[in-house]
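Peer 1: Chains as they are written, first to last, in the working numbering: chain A, 6 to 653; chain B, 27 to 353.
Bear in mind the hints are in silico, worked out from the structure with no lab data behind them. Just so you know, not all the hints are guaranteed correct.
Derived CB-CB ranges, DEER-like [unchecked claim]:
| # | chain 1 | residue 1 | chain 2 | residue 2 | range |
| --- | --- | --- | --- | --- | --- |
| 1 | B | G206 | A | N450 | 32 to 42 Å |
| 2 | A | V199 | B | T97 | 55 to 65 Å |
| 3 | B | G156 | A | S27 | 26 to 36 Å |
| 4 | B | S196 | A | S77 | 27 to 37 Å |
| 5 | B | I344 | A | A196 | 39 to 49 Å |
| 6 | A | Y129 | B | G100 | 25 to 35 Å |
| 7 | B | G156 | A | L118 | 50 to 60 Å |
| 8 | A | I167 | B | S196 | 47 to 57 Å |
| 9 | B | I344 | A | Q600 | 24 to 34 Å |
| 10 | B | G156 | A | N450 | 29 to 39 Å |
| 11 | B | G156 | A | R359 | 48 to 58 Å |
| 12 | A | K410 | B | I344 | 26 to 36 Å |
Okay, the calculated bits of chain A under chain B, using three or more residues with CB under 8 Å as the criterion [to be verified]:
| # | segment |
| --- | --- |
| 13 | 141-151 |
| 14 | 597-605 |
Note that the structure is a prediction, hence the values are computed from the model and not measured. Using N, Cα and C, we set each Cβ at its ideal position, and we do this for glycine too.
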Amino acid sequence: MTLPSAAEAVVQPLEVTRKPWSDLWRAVAGNRKAVAGVLLLLFFLLLAIFPGQIAPYSPTAEEFGRGLPPSSAHWFGTTAYGQDVLSQLIWSTRQSLVIAFAVGGLATAISVLVGVSAAYFGGYTDGILSLITDVILVIPIFPLIIVIAAYERNSGMFTLVIVLGALGWSYGARQLRSQTLSLRHREFLEAARVRGERGIYVIFYEILPTMTSLIVASFLGAALYAVLFAAGLQFIGLGDPNSQSWGTMLYWAENNEALGAGMVYWAIMPGVCVALLGAAFALLNYAFDEISNPALRLRRLEHKGAQELPSPAAPVEVAADPENILQVRGLTVAYASDAGPVVAVDNVDLDLRRGEFLGIVGESGCGKSTLLYAIARLLGAPLAGEITSGQVLFKGRDMVSLTEKQLRHIRWREYSVVMQSAMNALNPVLTVEAQMRDALEAHSNMTKREMRERSKEVLRLVSIDPVHLLSYPHQLSGGMRQRAMIAMALLFTPDLIIMDEPTSALDVVAQRSLMMQIKELQERLGFAAIFVTHDMSLVSHFSDRLLVMYAAQVAEYGKTRQLFDHPLHPYTQGLLEAFPSIRGEKVRLTGIPGQPPDLLRPPTGCRFAARCPHAHERCTAAPPLYEVDGELVRCVLYEHEREAVAAT
Amino acid sequence: MRFVVRRLGFFLVTLWAAVTLNFLIPRLMPGNAAIAMMSRYKGHVNPQAMHAIEIAFGINVHESLGHAYITYLGNIIHGDFGISLTFFPDTVAHQVFQALPWTLALIGTTTILAFALGTLIGLVSAWRRGSALDGALPPLFVITSAFPYFWLALLAIWLFSIKLGWFPESGGYDVTTTVGWSWPFISDAVYHSILPALTILVTAIGGWILTMRNNTITVLAEDYVRMARAKGLSPWRIMWTYAGRNAILPNLVGFAMSLGFVVSGAILVEFVFNYPGVGWMFLQSVENQDYALMQGLFLMITVTVLLAILVADGATAILDPRTRDRS
């Protein structure tokens, strides 16, 4: 996944928290559907606990007129036996809730037990438990329950709960199993295993707390199904006909043809109650889906503290320079997060000449990928990153102001994109040819034959046998997939190719050869390239210029050779010390101690100061970019050298 | 290939489990219901039928459970589900096959329709995230999905048949028409099926909408969708071949998994509408304590659901090249 990592660092609600219940409570309180569900449930709980106090009459007393219409004495009229419908409804609440909670509890307990142990123990245990789960899942349960109930007529609530619970756990078990599987190799579990903790302990103290939302969801699902099935059984007369329940009320109403005989509320209200209770569970379930899967929640930047964003720099009128294919000015990108906006790209300027190769380097989370996608106008889902200010002049047009429709015409023809992992970036259900064809169809009038020829041609460019046009992405090796994606980017021989760590999914040898190939193609075809990487040594031989990013800002920007030979910024110096030179003498690798700052609350002064060996009191003020021998550097060490370039 | 073998294996295991449950339930229930039934029917039913029941339920037959089980399996394989008590001397198999077309036409069509419509609404609401459509339809249908099918069926009859008189109250066709492949009969059957079909549609659609919407939102965050945008494809193309095509895959699995649930609800809809299908006959057999017929119908329902799951599997294999290659 190439989620822009700056935002990834702050938006991780699925992370293991140590206080799952209080987090859950906060999430519920903030969700309208959840609040509605909780209120409905509370209402029914109240009815179930205090029916004697709330109901106006006894539910069984047959002491009123038969089939009376609604009146102030009998809100919902009376039954054909002269009982008060409202009182019956209230007294019936208890049974539905008991069934819902008992079945929910029983089914959830079984699904946790089966699902978690299947995933945790794996092997044969998993095989057998999963098979049982799947079999129970696909056998139509309700007919089965009817068969059982037909032999065990008028069975009490206890039997009902046991049967519903014993058959209703499989869906939850399946989900819990896959969730546990995804956790199994997480570090904190490995750590627990290394510590020698016992299986049961690990399950209860390490695994289950992380799955609170899922467990709650499976409880709600089982409770919903229990309410509906129990009512269905009672309605067709397979429950205890003397019990006080909504389903039984419907059974008697139907037997007395209540709807036709004008006792409408008798036949409608029990169903309304079942539907409302069901809706309470369904709404809570829907809400928990959103809570446990943060991607389903819609975040909007303008909702939260837009005023906290840095005020946009005054728009600079950039004269379009024909030499420069790309001119970026004051580009700022912010993400919405639960804790407020995160500025992932802060006021970045850069220029790219025709045919130039620009490397952008930085640690993960520095905003380099976000910068790239902002330039390509590809921000948006999964994370709501937005360009809050700045300009991106591509061949003289300001990309920031173009509409999605206008952009479509220049995309891929004039600039294309290569992503980090072709495994994720290629559509898994389409062949390579189909994915090339849809780009060709979108931007040209080629015939089918011409399209096929062009696709073959670009595959040959990256040394892939054209037979692979008919392959699906998963049928190619990692290196081939990467090259196929580069081939795709070359379909229209664009002026600019934007590459986001296209080699990092490969091993070192394959990385080298792919880099050579990219460089060769670039020289042959003459496109300009922006190449993002965290591996500085990788770009050192290929790029013309380098841009070093640190904590959303440009730290240093200049010619590659010059930057390598005389790194100015202490961060660049640190980065270079972190990588061995291929030909240089042996040096001790020191690296950079510490962590980059939290972009949610960046330091007011120099962002690197906390890790900088040269930090002093002047670093508490934010340093501007200084120009030193044609390079730009953001560090007060060079204050004396030149005037600040701009008031950034 | 291996995918096909594995799914067929699963199909057979599930079938075996259902058959075995069918065999065991009457024999393991406390207080032999079959004996109770026999004493009730004594004198009313001819001795031949009684004997058939005795054999079917292992009464007065001195054979071990294991032996009985093998005989039972043999009978099932030969399509011998016993003799219906209600429709004596007709066989269960014959009765089941009479009811089956009705159910396939009603429930089969509405289930597919609900799936298709729900998937479409889910896809579009995820695509137009936060729009009016997205704000209205998914929550609305999530609430209707919590409605008990049979109750909604009762309401529909009350409102549209009794009050408004738009649709017939019950039955699958007008008894005055002759059953056959004639236009009057078919149009009449369709007319009778509209109300039950709508009932099933309204309650079944919510689940598909919700899962498809969630799948699509997850898929929209994938790199290949971003790549499709980068390629400058039309939004229509991205929605269908990039987002939709991938998001429907887990939904097809979900289709298989919730089919049992939908069929369960539909059984009650048939019951309420007196619709002459498998569900209605199933509940009639429960009422008449016609256990052989009831169990034959249960098996039939299970087999139908399993076949539908196989179809969903096939569709998954067609739409997802990865399942075809997985070894």
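Peer 1: Work down the list of hints and note, for each, if the structure agrees.
Peer 2: Comparing the hints with the structure gives:
As the Cβ distance of B:G206 to A:N450 is approximately 55 Å, the hint placing it in 32 to 42 Å is violated. The hinted range of 55 to 65 Å is satisfied by A:V199 and B:T97, whose Cβ atoms lie roughly 56 Å apart. Restraint check, B:G156 to A:S27: a C-beta distance of roughly 29 Å satisfies the suggested window 26 to 36 Å. Between B:S196 and A:S77 the CB atoms are about 36 Å apart, so this pair conforms to the stated range of 27 to 37 Å.
Taking 39 to 49 Å as the suggested C-beta distance range, the pair B:I344 and A:A196 conforms, at roughly 44 Å. Judged by the Cβ atoms, the range 25 to 35 Å given for A:Y129 and B:G100 holds: they are separated by roughly 31 Å. In this structure the supplied range 50 to 60 Å is violated for B:G156 paired with A:L118, their Cβ-Cβ distance being about 39 Å. A C-beta distance of roughly 35 Å is found between A:I167 and B:S196, which places it outside the suggested range of 47 to 57 Å.
Under the hint 24 to 34 Å, the C-beta atoms of B:I344 and A:Q600, about 49 Å apart, miss the expected range. Under the hint 29 to 39 Å, the C-beta atoms of B:G156 and A:N450, about 36 Å apart, fit the expected range. For the pair B:G156 and A:R359, the beta carbons lie near 41 Å from each other, so the given range of 48 to 58 Å is not met. Our hint of 26 to 36 Å for A:K410 and B:I344 holds, since their Cβ atoms are close to 34 Å apart.
Residues of the segment 141-151 of chain A lying with their CB closer than 8 Å to a CB of chain B number 9, which satisfies the three-residue condition for coverage. Here's how the segment 597-605 of chain A fares: 0 of its residues keep a CB closer than 8 Å to some CB of chain B, so the rule of at least three is not met and the hint is violated.
Checked against the numbered hints above, the structure breaks hints 1, 7, 8, 9, 11 and 14 and satisfies the rest.
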